[in-house]
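Reconstruct the complex from the two isolated chains, following the hints.
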Amino acid sequence: MSTPLLSVKNLCVTFASRRGDFQAVRGVSFELGRERLGVVGESGSGKSMTGRAILGLVRPPGRVTADRMELEGQSILNLPERRMRKLRGSRISMVMQDPKFSLNPVMTVGDQIMESYRLHAGGGRAAARKKALEMLNAVRIRDPERVMDTYPHEVSGGMGQRIMIAMMLAPDPQILIADEPTSALDVSVRGEVLNIMDGLVRDRGMGLIFISHDLNLVARFCDRVLIMYAGRVVESLPARDLHNARHPYTQGLLRSQPRLDTPVERLPVLQREESWRSGELDPLPET
Amino acid sequence: MARPVSARNRRIRRVAGTALSLALTLLGLLLVTFIIGRVMPIDPVLKVVGDRASQAQYDAVYQAMGLDQPLAVQFLRYIGEVLTGDFGRSISTGQPVIQDIKRVFPATLELAALGTFIGVSIGVPLGVIAAARRGGWIDQIARVVALVGYSMPIFWLGLMGLLVFYGILGWVGGPGRQGIIYDGMVPQVTGMILVDSLIAGDWGAFRDAFSHIILPASLLGYYSLAYISRMTRSFMLEQLSAEYITTARVKGMSERAVVWRHAFRNISIPLVTVIALSFGSLLEGSVLTEIIFSWPGLGQYITNTLLAGDMNAVLGGTVVVGVCFIGLNLLSDILYRVLDPRSK
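Order-wise, the sequence lines are chains L and Y. No gaps in the numbering here: position 30 of the first sequence is 30 in our numbering, and each next residue is one more. Take the position in the second sequence, starting the count at 1, then add 1000; the result is the number in our numbering.
Next comes chain Y alone, as it looks inside the complex (with noise of 0.2 Å):
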């Protein structure tokens, strides 16, 4: 009787212990971007009040701001506002931050989520054939486009990508999300155009968004398979080095199901983790992709936002992308979990 007990105990105890570390995280975050907000040299009184306002005016919003409160009462009271979804109004917009985020975050989520899918897709394949047939043809071309997607440049790929194959030949929609005639026709659900004009049933502004996002996608879908690919490549290796390998194959089992039924699974317990990293990695390092094929997303307006000095956006973005990664190593360690069982 005392088992399952302790067992459930045990869990609970591990939801505790990953909630507080969790917490932590994000107190440690908050506390970066409070700090930052103080210390940056821009006076957010005068971005409010004009440099024109009289000294009475200045002092006024000064406290309405509540700037006059010890460091702490102003740390306690911004983790609250964070809370609840308050980051102040956008200098540059005049919308409160949070309306902001609401309209350019799902931009970025279509974009890194597809740019991810057509990485891992492609990237994950590509790796464990790599692996198994080492020093192959497979492997030398993997090797190859690898080493491209390191080491070109973004913008140059970006803009070559657009000049071939919307300027020359026509394949895809150019800049933007949408061609101006479907713009605004599809009732807004989640933000992200593909899956609303799904939802609305209307095929042809999903091929017209289509064709808009594939290219930028495709760009930042080829690097992260260049990432992914040499993952999965050396994680594979070291997998069918081992000796249950050895085994699998005295078993008399095929070439394929050795390295897919036995040393696949072995590696998709890391993988999750380098998936989850480099979707991450996207959601908030795609500021290039954005401005190149003006995308109106989260990695624009952090941008623009931070060259216009306003503070509330910036720092309001950043939490959402740290948010972001939080949330994203938490699934990682739930799928690491659920995927090994020498982890229960």
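Next up, chain L with everything else stripped away, as it sits in the complex (with noise of 0.2 Å):
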């Protein structure tokens, strides 16, 4: 493989606290190319703060360290402020949760994807307007001159998640991280969302960061999964061998989900280990 999109090497995220530090993300490392990564994990298992620490979002007292964190070859880790902005939105890009509170309530969601647009192109109004009704359009949203003036108050999650990744891709960017993109939406609407998604990106070729908590949704969703326990990547595998993982945390999540085709009286509760703290099981390879 060429140079990946994103390399990252011992990434740490450290908050520094009257009690000493703590350390919410510790040493994960891993490369993405055009393909879409899952990030599996329990809340406070520092997937969404690696997706901030790409970003350069992590605020202080918030730090971040690590031994290489590269956007195709080129570091990006700590970079000033000033040339880190040109790089979110316009090549690293994310989509959060509930886009009832990720968009701004009192602006019109057209003036939101605009804006989003002319921030790294540029361009007149007119043109910003061509694109965001194009945006509109990929997004699967009928009538886009209509829902360019209105707020986001007056639009259903669904859509509200659907404008979100149009105003999210707009500048083209080259990785979408996506945080949870779906949990707060209806089941009903999940799958769509997710359609959509996928195919900008494949259209594209973009690199995914898919973070989510559920283990099947990225089974089906993502070509390659990373566990994450504590911090850690505690396991790195493609997702159609996910029911062969060999770490015990991802064994025991499998096995405390439900199952239709064999259904069992208790469903086993998961054993937590120190051990999984400390580590991986066995290294990751190098690729």
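It is possible that part of the hints are untrue.
Said to hold, decoys possible - Stretch-level coverage of chain Y by chain L, calculated; a stretch enters the list once three of its residues show a Cβ under 8 Å from a Cβ in chain L:
(1) 1140 to 1150
(2) 1239 to 1253
(3) 1331 to 1343
No lab work stands behind these hints, which were simulated from the structure alone. No residue lacks a Cβ here, since even glycine has one placed at the ideal position from N, Cα and C.
Set out below in structure tokens:
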């Protein structure tokens, strides 16, 4: 494989507090090509913080360190804010959990999409409007002309998330970090939103980091999966081999899911072991 | 076709609802002033006839004033009088109360408006920057400025201001609204000397009036600044931790654009209410300032007439202040609806 889109080695995010340092992310390494990489883990496992660290959005007292963090071979570790801002949105972007909160309530949908496009592409309002309409079409929103002038509270959750995707993809980034993009949505619209996102990411040859706590979803939707536990990657494997996972944490997670085909009386409870915190079962193979 | 009609119906219903609640508030205000006027241990008849009048004279005036009628009838008549702008005659000035208020209210309005302007134009940016750079030196300074503003007695600050800027430095005009040479020189249009002198194109009078108003207005401005900057800061902190702010940062916006374009637009909505209330409290609450600066405004008028037991004037002034508050509330309500797309 040629230079990966994103290459991260030994990423740590540390929060200094009065009672000593707390490490939210403890030495995460992975590479991302033009693929869909799932990051799975429970709350507090550091998966969201990994995404924010890549975007340079960890704010003091948080601190980001790594041996390497490169975007197409160019280091983006602790870049000055001014240069990081040029990358954010235009090359790496992020879709967040709940469109109810992640869209500005007092700006029209159109203004928000146009703003994100004009920040990086420049150009006049007319060009931005055209692009925004095009993006709304791309996320399969009917009557985009009308939706442009609506406010976020006037659209449904699924539509809000599609607007969010349109907005974040308008400046044509290479990497999209999707941080639990469907957790806040009704089950009925989840699939639709995922399909739209998948299609766009594929068509544009983007890299996708899909952060989720839903093992099944990730297995179905992604090419490769990282399993995180307590700030570390405990296992990395192709999504189709998930059922062959070797790490006891992953195995435990899989076992504790109910199955329609083999119902059991009681689901096993995950028995945590202290040794999981300390590291990977075996080191990740270098790619 | 059914849609636009129902939308218009809704709008009409909302306007009607607002009007009704305004009317009820006003009614409540008048009920309170009416009751206060009746329960005060001041005999309105004695105030008119003096304490040497005969019983027959007393009774005649008692009847002429309608005090023999049932309370409900008196109250209805009172409402009627107030609505036609008749607050009775002031005993201390010998003029109709409404005339007095027309004379003193513009002075207070001018002072409160300039004070609020100063408070908003410094307090809002200060609060925004304090929140954006939380814990930084601007935040610390803003904290101290607000704390001093909250805790320093205004009469002391006023006297010190007069001593330093008028007495020692001579930078500003002294007490009163105008220097003696300009007194009555500007034709009265609005009663606000700054405005009137501009209308007349009299720059000398404008400069003079400005040099008189700037010190008391700054003082009031400082107090409203203390309040407004703290409120702005806390509204701002709340917004800056919201998800859509992260969205704006992910888009690659500069921090300044994040703060002013995204967060500030959201706080401008509750800020309108804060500013309106702060303005309202300056309209009635600047008694101390008006006395220290010999400012012939409503606060001084109400205080003086109260000390003279001149109930017509006191209640008239109270009604005016109350109506101003109701009006400001209505105004901030309307602005709220204009600014917040969610309320449509």
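Here's how the hints hold up against the structure:
Beta-carbon proximity to chain L at under 8 Å applies to 0 residues in the stretch 1140 to 1150 of chain Y; the threshold of 3 is not reached and the given coverage is violated. Proximity of the stretch 1239 to 1253 of chain Y to chain L, defined as three or more residues with a beta carbon under 8 Å from a beta carbon of that chain, is established by the 11 residues found. By the rule of at least three residues with a Cβ nearer than 8 Å to a Cβ of chain L, the coverage given for the stretch 1331 to 1343 of chain Y holds, with 4 such residues.
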